[in-house]
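> Here is what each chain is made of, one letter per residue.
There are 2 protein chains.
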Amino acid sequence: MKKDKIIIVGAGLCGSLLAIRLAQRGFHVAVYERRPDMRKGVEDAGRSINLALSARGLMALETAGIKKIVLEECIPMRGRMIHPLGGNPFLSNYSGRAEDYINSVSRPGLNLALIKEADKFENVELKFESKVISVDLEKAKIKYQLGSKTLEDQGTIVIGTDGAGSVVRRAMMGQTTKLLFNYSQHFLRHGYKELSIHPAVGGGWKIEKEALHIWPNGSFMIIALPNLDGSFTLTMFHPFEGEAGFNTLNTKEKLKAFFEKFYPSLLPHIPHLYEEYFENPVGTLGTIKCYPWQAFGKGLIMGDASHAIVPFYGQGMNASLEDVRIFDEVLEQYGDDWEKVFTVFQDARKANADAIADLAIDNFYEMRDHVDDVAFMRKRKIEMQLEQQFPDYYSKYSLVTFQPNLPYEQAMKRGRKQDEILLEMCGQNDFDKIPLADYYNRLINII
Amino acid sequence: MKKDKIIIVGAGLCGSLLAIRLAQRGFHVAVYERRPDMRKGVEDAGRSINLALSARGLMALETAGIKKIVLEECIPMRGRMIHPLGGNPFLSNYSGRAEDYINSVSRPGLNLALIKEADKFENVELKFESKVISVDLEKAKIKYQLGSKTLEDQGTIVIGTDGAGSVVRRAMMGQTTKLLFNYSQHFLRHGYKELSIHPAVGGGWKIEKEALHIWPNGSFMIIALPNLDGSFTLTMFHPFEGEAGFNTLNTKEKLKAFFEKFYPSLLPHIPHLYEEYFENPVGTLGTIKCYPWQAFGKGLIMGDASHAIVPFYGQGMNASLEDVRIFDEVLEQYGDDWEKVFTVFQDARKANADAIADLAIDNFYEMRDHVDDVAFMRKRKIEMQLEQQFPDYYSKYSLVTFQPNLPYEQAMKRGRKQDEILLEMCGQNDFDKIPLADYYNRLINII
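Those protein sequences? They're chains A and B, same order as listed. Letter by letter, the first sequence follows residues 1265 to 1711 in the working numbering. Letter by letter, the second sequence follows residues 1265 to 1711 in the working numbering.
Because the hints were derived from the structure by calculation, they are not lab data. Keep in mind that the hints are not guaranteed to be accurate.
As the list claims (entries may be wrong) - Using C-beta positions, here's what the derived DEER-type ranges look like:
1) E1540(B) with F1560(A): 24 to 32 Å
2) T1414(A) with P1545(B): 31 to 39 Å
3) Y1598(B) with R1453(A): 21 to 29 Å
Think of the CB as a built atom: it goes at the ideal place given N, C-alpha and C, for glycine as much as any other residue.
All chains should be modelled from the sequences, with the hints used to inform the complete structure.
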């Protein structure tokens, strides 16, 4: 075993995958997690219950050899099932290739699987109910609370995978002048609230199982992801203020009238709407960017701790898991020269984290405003045909979602150029008379 | 007297002017300041000792009727005295109008004058050595330390004028989800260090008194502002790393060789360079933006607390004082409907604060890289002639600095368009054969 001891703060998806990978490399790993051991029962109120796992996340899981275990927990989603107001639902595939789909997976289920894997290693210590309260970045020392006691631990390095509210990042903020720590947090004027569709009586799914459902409504929408037990997790994305605002829809009467007007096709599936709506909290939707991610060659932040993004590209978890894969590659190259590893990692990763953050914001507007409009549908139609006929063509969505070897930044740049060309060509009246090969030739020749 | 009690956190330039103006309006004002009473002696280590006071600051001071008192403390600076490496110094006026100049003023001197004014009011309580440690924004309640005691106070409202490290803003950060608090801090890779030129033997100024001096050197520079006692305050703006980096220039030998190479014309004036350089700290240069500036109609931040900027437009203090003038205008209109006042104020001011922050960053590059280059000098030459011949023409610099009735955002937009046109016209070989009226006509017709 190697002598370096690595303290990981946060045993979420990123932290527990990182623990596995570092244990496989022979490091002594101590993982501090403020929540109770999830093997004793799950407590995850207010966080989104299911997530979209796609190629980048799966590739990262496979660096630790655990893709297969995880896929058993997944439901494939082959496209967006759009439920337009007053119209019939239709499926818009994610890709023209049958093998390209995303997966609905339970966050607590996936986390549990990763924790179980991590615990198989002798050189991993898992410390639950241990809330890290401060970090001395220059010494790689942490203070944590266990019950009523305040204890300390010291590692060779500390890695914070402790999410958007990261304590490790807060320690970096406290070293602002030494680190020249750049930081931004930006919130959408929309929040989210979770609801659910129960399983059908006798089991099974009440609406199409293998799809991500969207009820778009201009400036607000509801989405649904399937769960293994036949239920769906719904997420309302609504503004805080205005007619559709969470702060406005504050009585059963208003809520009923609103859903009857804007979500009539969904309403029959959610008889328990009123209880859930008034019980569940409203979450905020924020983007966090910062730089540097490392301090003194002793501390590093990864995942949401360094790049929290909005959920509209289904890439938050995938980006966090991909951090582990890239970190592992850098580690392979530079061994345990931690300052070098941290610096190369952050510089390899920062622009890609920024790119997926910006793409996720773009997609918020696309999903909300455009999935059911004409120009968008024309474009998607052509993109599907292109992907079916030309297997080496990838739409922007496909580049981001199904091309895990292409860094996010490059996917964004190429994807945006493709979109410009497509929207220009689809704006012509005879857009569907243009030979598909002409589309393909213009798109594939983008440098 | 009005019944509303206003707690102001921070008795700096913005806070003390605000206290005066609110006292004049009949409010009960309590000002908390962590530093000792500056009337008992000045303690201001590490902060810049003199500042450029220009039309916006003066106009704000005049809302409280104290412009005249302040001008007695000022030294006019009519232009930039450029000291090119290996060339002769030359003066580049700030404006073609003789009445347009900026003023070098001592920060502690100005602060002292404002504190003395504030203390003339019976309805102002000044509480020094009282360090505010937390703020309850929903109740307008503060906790502060006075010696070893922790005390409380509660007002109708709390206004934070407590600078870039604002405690009131930190309380807003703590309410991130309720306020959807957007925040960013961004640091330049350059820092600053203060040095000085002593008065001439027998009194007087060793170099031109009525100018802001610049020794530009590509990616680094030194500037100097005159003081009333015959001295100059120098500020080195250098990167942290690299050949010219503060972290590299860490021995007397390296420093000597560096100054001999890059600042030969300055060196004879600073025989005490080595003591000052190694004694004085290196400061950071950051931009802070945030939104909202108000919370619950009970708390508000102003000045550097809500918009800290880099010093390269000489507008930081002026913008903070202008905040007070605009706040006073809003107060005049809406009385003590605080939620309304705060909301109207922040929405009137935010875009202007962003604009001057961005202009200040632009000017960093201009001062450092361009003040001695050909295109820039051509442009300045034409601008001077235009301002001399056409009194209603204002260059970008003049719009920002000498047109206090024009909001920063408009000054920025108009100024940038003017610069584009000027750089295009000055790029022509015959730029000085173009009739001045042609320049004027193109510039003045920008919408």
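> All hints, please: hold or fail.
Do the hints match the structure? See the list:
no., hint, verdict
1, E1540(B) with F1560(A): 24 to 32 Å, "29 Å, holds"
2, T1414(A) with P1545(B): 31 to 39 Å, "33 Å, holds"
3, Y1598(B) with R1453(A): 21 to 29 Å, "24 Å, holds"
Violated hints: none; the structure is consistent with every hint.
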